[in-house]
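Take the given structure of chain A and dock chain B with the ligand to it, following the hints.
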Amino acid sequence: MPTTMIAGRPIDVNSEGFLTSYDQWDEALGATLAGLIGIEMTQAHWAPIRFLRADYPARGETATLRRVSQVGGFAIKDLFALFPGKPAKKMSYIAGLPKPKGCV
Amino acid sequence: MQRLVILGGGTAGTVVANKLRAVLGRHELHITVVDRDDAHHYQPGYLFMPFGIYNTSDIVRSRHKFITDGVDLVLTEIDRVDPTYKTVHLADGRTLSYDVLVVATGVAPRPDATPGMQGSEWGNSIHEFYSLDGAQKLTEAMRRFRGGRLVVHITEMPIKCPVAPMEFTFLADDWLRKHRIRDRTDLTYVTPLDGAFTKPVASRELATALTDRQVGLETDFAVESIDNDAKELVGFDGRRIGFDLLVTVPLNMGPDYIARSGMGDELNLVPCDQHTMASLAHPDVFVLGDGGTLQTSKAGSVAHFSAEVFVANFLATFRGQPATHGFDGHANCFIESGNGKGMLLDFNYATEPFTGEFPLPVVGPFKLLKETRLNHLGKLAFRWVYWNLLLPGRPIPLPGAMSLAGKRVEDDVSAAATGMPTAVAPASPTPTRPAPVTKPARPRLETKPLVTTSAKPAAGAPARKAGAPVPAYESRTAVNSTADPAVILPDPIIPKF
Ligand SMILES: Cc1cc2nc3c(=O)[nH]c(=O)nc-3n(C[C@H](O)[C@H](O)[C@H](O)COP(=O)(O)OP(=O)(O)OC[C@H]3O[C@@H](n4cnc5c(N)ncnc54)[C@H](O)[C@@H]3O)c2cc1C
Chain A
1 MPTTMIAGRP
11 IDVNSEGFLT
21 SYDQWDEALG
31 ATLAGLIGIE
41 MTQAHWAPIR
51 FLRADYPARG
61 ETATLRRVSQ
71 VGGFAIKDLF
81 ALFPGKPAKK
91 MSYIAGLPKP
101 KGCV
Chain B
1001 MQRLVILGGG
1011 TAGTVVANKL
1021 RAVLGRHELH
1031 ITVVDRDDAH
1041 HYQPGYLFMP
1051 FGIYNTSDIV
1061 RSRHKFITDG
1071 VDLVLTEIDR
1081 VDPTYKTVHL
1091 ADGRTLSYDV
1101 LVVATGVAPR
1111 PDATPGMQGS
1121 EWGNSIHEFY
1131 SLDGAQKLTE
1141 AMRRFRGGRL
1151 VVHITEMPIK
1161 CPVAPMEFTF
1171 LADDWLRKHR
1181 IRDRTDLTYV
1191 TPLDGAFTKP
1201 VASRELATAL
1211 TDRQVGLETD
1221 FAVESIDNDA
1231 KELVGFDGRR
1241 IGFDLLVTVP
1251 LNMGPDYIAR
1261 SGMGDELNLV
1271 PCDQHTMASL
1281 AHPDVFVLGD
1291 GGTLQTSKAG
1301 SVAHFSAEVF
1311 VANFLATFRG
1321 QPATHGFDGH
1331 ANCFIESGNG
1341 KGMLLDFNYA
1351 TEPFTGEFPL
1361 PVVGPFKLLK
1371 ETRLNHLGKL
1381 AFRWVYWNLL
1391 LPGRPIPLPG
1401 AMSLAGKRVE
1411 DDVSAAATGM
1421 PTAVAPASPT
1431 PTRPAPVTKP
1441 ARPRLETKPL
1451 VTTSAKPAAG
1461 APARKAGAPV
1471 PAYESRTAVN
1481 STADPAVILP
1491 DPIIPKF
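These protein sequence lines map, in sequence, to chains A and B.
Counting in this note's numbering, the first sequence runs from 1 upward without gaps.
Counting in this note's numbering, the second sequence runs from 1001 upward without gaps.
Next comes chain A alone, as it looks inside the complex (with noise of 0.2 angstroms):
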């Protein structure tokens, strides 16, 4: 799998560009990441990706949207607002996360 630089520092990730280590992300490259594919990080966009990050360490697996929304408390309309057209994929490539496993 490749290593690529991002905000300076080389990051591993999965052929996709998703990071594939939760130790490699500080909020310096989630916010690199957003600007990437074109968000602007406010507030709004970093509550649900402090979430996805403090979620995930002890599921070992990304939430899925219905996961941040009831676990959370975060409107999923809000989340289409904030991460247009795929939120789950993109809060997770934000978050330095594997996407959620849409399952099999």
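Don't take each hint at face value.
As the list claims (entries may be wrong) - Cut-off 27 angstroms, straight-line C-alpha distance, at most; resulting in silico cross-link-like pairs (DSS-like, lysine-lysine): (1) B/Lys1341 - B/Lys1137; (2) B/Lys1341 - B/Lys1370; (3) B/Lys1367 - B/Lys1178; (4) A/Lys101 - B/Lys1496; (5) A/Lys99 - B/Lys1496; (6) A/Lys101 - B/Lys1370; (7) B/Lys1341 - B/Lys1178; (8) A/Lys99 - A/Lys77; (9) B/Lys1341 - B/Lys1367; (10) B/Lys1231 - B/Lys1137; (11) A/Lys77 - A/Lys101; (12) A/Lys77 - B/Lys1231; (13) A/Lys77 - B/Lys1496; (14) B/Lys1370 - B/Lys1178; (15) B/Lys1178 - B/Lys1137.
Claimed, not checked - Pairwise CB distance ranges (calculated): (16) B/Arg1239 - A/Leu36: 23 to 31 angstroms; (17) A/Leu36 - B/Gly1093: 57 to 65 angstroms; (18) A/Leu36 - B/Arg1383: 49 to 57 angstroms; (19) B/Arg1260 - A/Ala44: 49 to 57 angstroms; (20) A/Met1 - B/His1064: 47 to 55 angstroms; (21) B/Pro1471 - A/Ala44: 20 to 28 angstroms; (22) B/Ala1108 - A/Met1: 37 to 45 angstroms; (23) A/Ala44 - B/Gly1238: 44 to 52 angstroms; (24) B/Glu1410 - A/Ala75: 37 to 45 angstroms; (25) B/Ala1472 - A/Gly8: 23 to 31 angstroms.
What the hints assert, rightly or not - Here are some chain A residues the structure puts well away from chain B; computed CB gaps all over 12 angstroms: (26) Glu40; (27) Thr42; (28) Ala44.
Think of the hints as simulated: they come from the structure by calculation, not from any bench.
Quick reminder that beta carbons are idealized off the backbone N, C-alpha and C, glycines included.
Chain B with the ligand alone, transformed into the frame defined by chain A:
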């Protein structure tokens, strides 16, 4: 004497009860199965009902007839589990104590979870086929259908038998042609996924099969509500998809007693180990079948293969030996594709479904991901196998662990290659890209022990109580990649959304 309580007498619960009773006598182990009623449904049969291929009598059998003598079958609703006191509370007021608990209560469709699904059009132009009642009503609706916009829709993943809506689409296409109304029908497949299926090779092959049939494909659709007046699916992104007949797969959820017991996640699924199926919160609770969080298909074949692993480990522990068996995520699903043909999917945690052949002595090989008559016959034969071999716990000529024999392995698409190495990532001992194997597989009736470490929760995976609050967010200092500077790409890879 040890007491084993099995919640749910469906596919997994029945298999476990029968297999254990065959080996351990009544004086050694007390087995109780709890289910709400005495009607065992062959759920894969629901798919065929709307097309008049099966009727109710092909699908429903008495539950107790399939549970062997010497097992207590208690018919009542489960109210709650108290895992601390190892007690199950039943709706009729009785309680059952256990030493080991098996949760095998599966998942069920929840049309009430989507606003407008059960509005005025429910049962008129809005239908589902994930319950017997739904499949019966849809049978009528198909008979009345004279053409127009037929939309097949998945509300949200995961659903049990994730290929069933695709099969419904293929069968509908065939049925509409035979009734000479295909040219008057717009057939559309609407999915929350970003392709026809999750796994790349299967997604590509199935997308081709849809295109060949002139079926429209609408991806990444997250339904917000259903507008009954306009007869439209309304997406969170503002998309609207009109229908004259909507065949939806409602949200699939575990039963509410899981939530009342504080054991489940937001879909009432019980978080469990990927290889031993032990609940992450309670080591004396095992989750078999659809009701857990195994990262493989929710399917009868998975219920069966994982039940075999559980039984082998249970017997070992019972005899004071180490439990060394580990489930590899093996799923084996026939896909009915219409016109008397079918396809076959065979995969596990580490290997996605590939094309190629599935070797099986005498009747095989079956072609993987290709439409053949033999795969269709395999699918139909499965009903006989289900009632006569699988439920009674008799040996089935299918290997429990997946084999690469015959598979046409493609580069860079293995499931492991796209996943992140994590604490609970499945099948960690398996290499990222498995080498093709040329030796034909020998069917084994025993499950194959995995490398012993895989049977335990992977190191560093702290067991967290389901429903426990999410830890507070902390900002941390990031580390850099340790990759050789010579291989580092100067520019980031930006995903396509
Ligand atoms: C339309 C359709 C097509 C399918 N096609 C296929 C296929 O082709 N191949 C395949 O492999 N699989 C297929 N499946 C999936 C397969 O049926 C399931 O994966 C399998 O039955 C799961 O077994 P289980 O034991 O986990 O749950 P189930 O067999 O669903 O059993 C759960 C049991 O728990 C009981 N229960 C639940 N809650 C309570 C409660 N509160 N109190 C008391 N009892 C309760 C229920 O009554 C039920 O008997 C299909 C499913 C559907 C719906």
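Which numbered hints fail:
19, 23
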